[in-house]
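Numbering (our numbering), first residue to last: 6 to 204.
Calculated from the structure, these hints are not laboratory results.
Please read all numbers here as calculations on a predicted model, not as lab measurements.
By construction, the Cβ of each residue, glycine as well, lies at the ideal position given by its N, Cα and C atoms.
Warning: the hint list may mix true and false statements.
Stated by the list, open to error - Cut-off 20 Å, straight-line C-alpha distance, at most; resulting in silico cross-link-like pairs (DMTMM-like, lysine to aspartate or glutamate):
# : residue 1 : residue 2
1 : 119       : 167
2 : 151       : 130
3 : 151       : 106
Unchecked claim - Label-pair restraints from in silico Cβ distances:
#  : residue 1 : residue 2 : range
4  : 86        : 31        : 25 to 33 Å
5  : 84        : 122       : 33 to 41 Å
6  : 132       : 202       : 18 to 26 Å
7  : 143       : 86        : 18 to 26 Å
8  : 177       : 107       : 13 to 21 Å
9  : 76        : 153       : 13 to 21 Å
10 : 144       : 45        : 21 to 29 Å
11 : 88        : 204       : 22 to 30 Å
12 : 204       : 143       : 34 to 42 Å
13 : 57        : 34        : 29 to 37 Å
14 : 30        : 153       : 19 to 27 Å
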Amino acid sequence: MVRGGVTMADIMTGDALTGGFADAPVQAARAFRAALEAMARPGRIETVEGAEAPGISTAAAVLLLTLCDRETPIHLASGCDGEALKRWIAFHIGAPVVVAEEAMFALGGWEALKPLDRYRIGTAEYPDRSVTLIVEVAALESAGMKLTGPGIATEAALSLPEVEAFAHNARRFPLGWDCYFTAQDRLAALPRTTTVEAL
6 MVRGGVTMAD IMTGDALTGG FADAPVQAAR AFRAALEAMA RPGRIETVEG AEAPGISTAA
66 AVLLLTLCDR ETPIHLASGC DGEALKRWIA FHIGAPVVVA EEAMFALGGW EALKPLDRYR
126 IGTAEYPDRS VTLIVEVAAL ESAGMKLTGP GIATEAALSL PEVEAFAHNA RRFPLGWDCY
186 FTAQDRLAAL PRTTTVEAL
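Sequences and hints are given; from them, build the entire structure.
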């Protein structure tokens, strides 16, 4: 039997069986609330816990467990595409690992995720049929780029890798992709509705 491109024999080796939520109903509910709060309030940094996966941050592992399932294809960019993580995804989530063009979620560092124009941005009829990027960063701080838009009272700030890609993405609204940024046990979100400017 194959799950997400990984056989059951593969899954049963290494550390694929560990790193999930110990108390799934409670931890998943907390993580889902944190993910929603972050997306509803761009620039707000949330702290999460309860999941560990090979080669990625706690926050990224929590997002995968919380937001993905068998029906959500995941793309693993270079640097996050190791066999140990694929086994972990197969066991804990069962999601297929796919090429970028087919993904509903894509995980990796900012440069590794590029080119960004290969991801789904939705359609006029179904703008929600777009990718969510989970961007691994070294650190996440409430400083750097200026954020304005829905969910932000006046303005917020977030350490982002650049401006232009997000400005271009916002101009396509209601089409476009949404982003989570993850570092250690911290996460923040940047929906397509947010305007990003250099300070």
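Each hint, compared with the structure:
| no. | hint | verdict |
| --- | --- | --- |
| 1 | 119 to 167 | holds (13 Å) |
| 2 | 151 to 130 | violated (31 Å) |
| 3 | 151 to 106 | violated (30 Å) |
| 4 | 86 to 31: 25 to 33 Å | holds (31 Å) |
| 5 | 84 to 122: 33 to 41 Å | violated (20 Å) |
| 6 | 132 to 202: 18 to 26 Å | holds (24 Å) |
| 7 | 143 to 86: 18 to 26 Å | holds (19 Å) |
| 8 | 177 to 107: 13 to 21 Å | holds (20 Å) |
| 9 | 76 to 153: 13 to 21 Å | violated (34 Å) |
| 10 | 144 to 45: 21 to 29 Å | holds (23 Å) |
| 11 | 88 to 204: 22 to 30 Å | violated (41 Å) |
| 12 | 204 to 143: 34 to 42 Å | violated (19 Å) |
| 13 | 57 to 34: 29 to 37 Å | violated (19 Å) |
| 14 | 30 to 153: 19 to 27 Å | violated (37 Å) |
The structure fails to meet hints 2, 3, 5, 9, 11, 12, 13 and 14 from the earlier list, while all remaining hints are met.
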